[in-house]
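Participant: Sequence order for the protein chains is Y and W.
So the mapping is simple: our numbering equals the position in the first sequence, first residue as 1, plus 5.
So the mapping is simple: our numbering equals the position in the second sequence, first residue as 1, plus 1252.
None of these hints come from the bench; they were simulated from the model.
For each residue, glycine too, the CB sits at the ideal point set by N, CA and C.
Watch out, some of these pointers could steer you wrong.
Here are a few chain Y residues that face chain W, going by a calculated C-beta distance under 10 Å [stated by the list, open to error]:
| hint | residue |
| --- | --- |
| 1 | Trp-41 |
| 2 | Phe-44 |
| 3 | Ile-47 |
| 4 | Ala-87 |
| 5 | Tyr-91 |
| 6 | Gly-94 |
| 7 | Asn-97 |
| 8 | Val-103 |
| 9 | Ile-116 |
To list a few chain W residues with every Cβ distance to chain Y over 10 Å, as calculated [what the hints assert, rightly or not]:
| hint | residue |
| --- | --- |
| 10 | His-1263 |
| 11 | Arg-1266 |
| 12 | Ser-1299 |
| 13 | Phe-1301 |
| 14 | Gly-1317 |
| 15 | Glu-1361 |
| 16 | Asp-1506 |
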Amino acid sequence: MNFQKVISGFFFILAMTTNFGFFYGDPSNIDYHSSWELFAAIVVNLIATILKLGDKTQLGSVLLATSLVADIQLIGAASVWALAVYVLGGLNLESTVVIISMSGGALLANIVSVLLFIGDTLKSKR
Amino acid sequence: MESNSAWIIIHRMRIPILVIIITFAISIIGLMLIPGRDANGNVYHFSFFDAFYFVSYMATTIGFGEIPYEFTYPQRLWVNFTIFLTVIGWFYGIGNIVALVQDKKLARELAVARFRNKIKKITEPFIIVLGYNNVTREIINRLNSEGIRIVVVDKDETKIEQIELENYIPEVPAISADTTKPATLKIAGIHQKNCKAVVVLFEDDIKNAKIALMCKLLNKRVDVIVKSTTKENTEHLRNIGIRHIEDPFKIISDRLYFEITAPYIWLLEMWIFGHILRIRKREFLPKSKYIICGYGRMGHALASALERAGIEYVSIDIKSSDYKKKKQSAIYGDAEDIKMLMDAGIKDASCIIAATKDDMINLTIISTAKKLNPSIYTIARENSLEDISIFKSARVDKVYILERILAKYTYNFIANPLANKFIRLIHKKDNVWAMNLVGQLSATIGQNPDHFEITLDEEHAYALWHELQNGQTITLEVLKRSRHNWQKRNKILFLLYEYEDENGRQTILLPPDTLEIKPGAKLLIACDEESRIDFEYIISNYYELYYVRTGEELTPGILGYLNFKPAKAS
């Protein structure tokens, strides 16, 4: 068993699942989406990104790219939330939908990343 | 990402960034969980934004105070804890960045990347010089002053720093690396199309051969200039296709041979290397008995020259290292030594050659010999360029400096390939032929003619090249005419003409005036300064070329249509 694989696999999948946890639910109702989960998704995604840094292989660079996409979308969602609440005077339907759909985009990137990771693991002979 | 330096940075920064992310996350979660009280005493919770904002300025020790409301004691307890947590995490990250700046591996990678970029930016042909020592320094100085681009690799870091302090213009990129490794040669740009030659002049023959072979394998088209002092090694190098092999001992042997048997050939050769075109009185070598002190590689080379020239000689084997060990001094000339010289017949010898590896012994051999036979002709080998002034003041008649000879030959091969060919061709001629040429040179040009070579292509001879491309026939004689008066001749003499086409290369020594010039031909020219300027004007300026060809002024543009003829230049 490769301990490093365990750690990175754990964070890659956790990034996807927390992301899914935030995304799941009625996209027009912010009550179904916890800000805590968004926070957790952002932190875990950032950690996953750092773990992907420094891999010089072709696969490593694609993995890093998917992670960067997820980071940007999740941080974007959080920024829209903060902007709506503190600058625009409260969440409305539009901003809610934007937040949720951005996290949905991040979820797609995370799914791609996990698929690639699993594919690579299956291919490996050790 | 091509460069390794970026990878090193990313790799080293992974853990610090992880630490910062995790400490931030813990601090933010704690702040949000602990209830605070606003100005009216109502319970409130930090929002994510507030918590992130607070932690950001706290961790970076900017510290704007407790906002949005003054903290409660439970909050302060937590903040107290997180200050240590995040600030330590942050400092750890900064410390790592500072350590990275000083990291040797990173500095090395950055230096390699810079070196690579510099070489990629070189658009003109360049030469790779391996090793920076007395010989290559002289080569680099000469080539650099001609504007030829050079790249230097040396194992020793301090030598590379020396090059950087030299302030060469154009710049000479240099890096310290193991010259025996293919990776080093690749970094130095051996694969680049404009890499013309590699200069390998190390002391060690085996090392030279190894590097030369490697260069040829990496790039077939590159010229390798390599030093080799033994016959077997030279043969081996020829077999792998290396054209230019330099053996300083063979060069000296040939020189001595020509100096004795055909002094005018020797003179022409030396003139190419910057000697004046006249043999000074003390440069004529005596032709009776020689004594060679020191019978190593140099001694053997000189002996073979004397043998070929049919001169009687006696050799005394003095090994500098053994001598110093035995006598505990580097001063030659005790009773035993004098007896040895007397036995060799110093009294009736006409010339003594001191050819050991030690400069001090060589000097003392010469002075001892002079004491015994004041009229003897003296030749000394000088081993290191540093002692040059001592040899000058010792009044040695002739000094052979291996390092300088090697440097001059290499420079000539790179910068003046035609002159190099000229030397090879005149070696096959005889003394009378050379004497006639010297006479002709000094009659047409004067006591101290200069020489240079030029390619008659679009870049160097714009007007001539275009006229030739248009199908005009122009002979060499036209190029000799004066710009001042076309019926007069400049002080100019063509030594070598070379033309290359599909049918092969054609090299003509002393081309006749009636020769029709082909575009792209190369010329080796002897002339004085003024004629050189005239010549360069004529081949690159339409009006000047037209004038020397026809004796008439070319009237351009509308004036030509009007058939307006200006007064002829007197």
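Participant: Just pull the numbers of the violated hints for me, sorted ascending.
Facilitator: Failing hints, ascending: 6, 7, 8, 9, 10, 11, 12 and 13.
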